[in-house]
Amino acid sequence: MNDRARPSLDDTDRAIINALQGGFPLCEHPYAVVAEPLGLDEAALIARLERLLAQGVLTRFGPMFQIERLGGAFCLAALAAPEEDYERVAASVNALPQVAHNYRREHALNMWFVLATDSPEGIPQAAQEIEAATGLTVFLFPKEKEYFVDMRLKA
Amino acid sequence: MSASSVKPSPQFDATDRRLVVATQGGLPLTPRPYHHIAEQLGLTPEEVMQRLAAMVERGAIRRIGAVPNHYAIGYTANGMSVWDIDDAVVDNLGERVGQLEAVTHCYRRPRHAPQWHYNLFAMVHGHSREEVSAQVDAIARLLETEFPGACRARDILYSTRILKKTGLRISG
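Residue numbers (numbering that gives the first Met the number 0), protein chains in the order written: chain A, 0 to 154; chain S, 0 to 171.
There may be inaccurate statements among the hints.
[As the list claims (entries may be wrong)] With a straight-line cut-off of 25 angstroms between C-alpha atoms, the simulated DSS-like cross-links for lysine-lysine are:
{"#": "1", "chain 1": "S", "residue 1": "K163", "chain 2": "A", "residue 2": "K153"}
{"#": "2", "chain 1": "A", "residue 1": "K142", "chain 2": "S", "residue 2": "K164"}
{"#": "3", "chain 1": "S", "residue 1": "K164", "chain 2": "A", "residue 2": "K153"}
{"#": "4", "chain 1": "S", "residue 1": "K164", "chain 2": "A", "residue 2": "K144"}
{"#": "5", "chain 1": "A", "residue 1": "K142", "chain 2": "S", "residue 2": "K163"}
The set of hints was computed from the structure by calculation and includes no laboratory data. Everything numeric in this text was worked out from a predicted model, so none of it was measured.
Input sequences plus hints: build the corresponding full structure.
Quick look at the structure:
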C-alpha cells in the first residue's frame, strides 16, 4: 500500500468499515448477521469485503491476535540509517521475516520497525541479526506498559 | 522461529495454535467461515467457535473484524508523538492520553540516553499533518494543566514511507 493512490469509498463501504472493526460474531452465518443492520445481504457483504481487501482498504478481515498471550513476543525497534545507504539498510531489515512493519520516520533514528517472534528470546536474536547485516546499532523499545486505547478509526 | 522454540502459555494448546495459523491471514469469505475452518482442521464447527470465543475471553484475541489500512481510509498523516515524562507520574499520564480519541496506541517504553530521552509513545492519526500537530498540541496543553511540569520535552515523528507491512504471524 502506498499513500498516492487511494481507492474511493462509498457510504456503504464506510458503514462496513465503521461497523466491523470488532465484535464479528461467532455463529454459523456471521456475515448474514452483520449484513442485515447494514441493509445488505450476506453475498453482497462478502463481495464488498473481497473488494475492500483486494483494494488494500482493509489489510485483513479476521481475528487480531495478541501475540504475547500466545507465547510470542513483539518489540518496537529503531536504527539510524545513513541517508546514502538507506535503501540497502531497508532491504536488509525487511528481509527478516520477523520484521512485521517498517516505517521511515523523520528523526535521527529514521527507521522504525516492529519485530514479531514466536518467543521472547527471538527479539534480541533478530536485533543481533539486523546489526550483523547492517553494521548499525538497533535500539529496542519493548513496551513496559500498555495504556488502554480504542484502536478503531472512523472511515 | 521454529515451533519447538515456543513456550506455550498455559491455556494455549496445539489445537489453538493450528487455529491461529489457519486464521491469522484472515477468515474465509464464505457464508459459513467457521465451518470452512473446521473442515480444514478436522474439528467440529462448534469447537472452532468455542475455542475462538475462549481466546477472545482471555484476551488472546483482541477483536475479530476488519483491519483498515489507515492511509486508505483517509488518515494520511500518522505521527508518533513521543514524550519525556517524569517517571513518578508517567503511568497516570499515560492512562489519560490513551483515552483521547485521536490516540490509537499508547505505551511506556525505555529511554536510550543519550540518543533517546522519551519514555511515553502515543500514536496519533489524522487527515493531515496540521491536524496531527494540533492534536499533539492539545495533548500537551491538557498534560500541562493536569500534570504541571511533568512533561520535559516532546517531539512528533511523522512516517514518510511504509517500508514493509505484513501481519504479525506465528509459524505453523
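Exercise. Of the numbered hints stated previously, which ones are contradicted by the structure, given in increasing order?
Worked result: none
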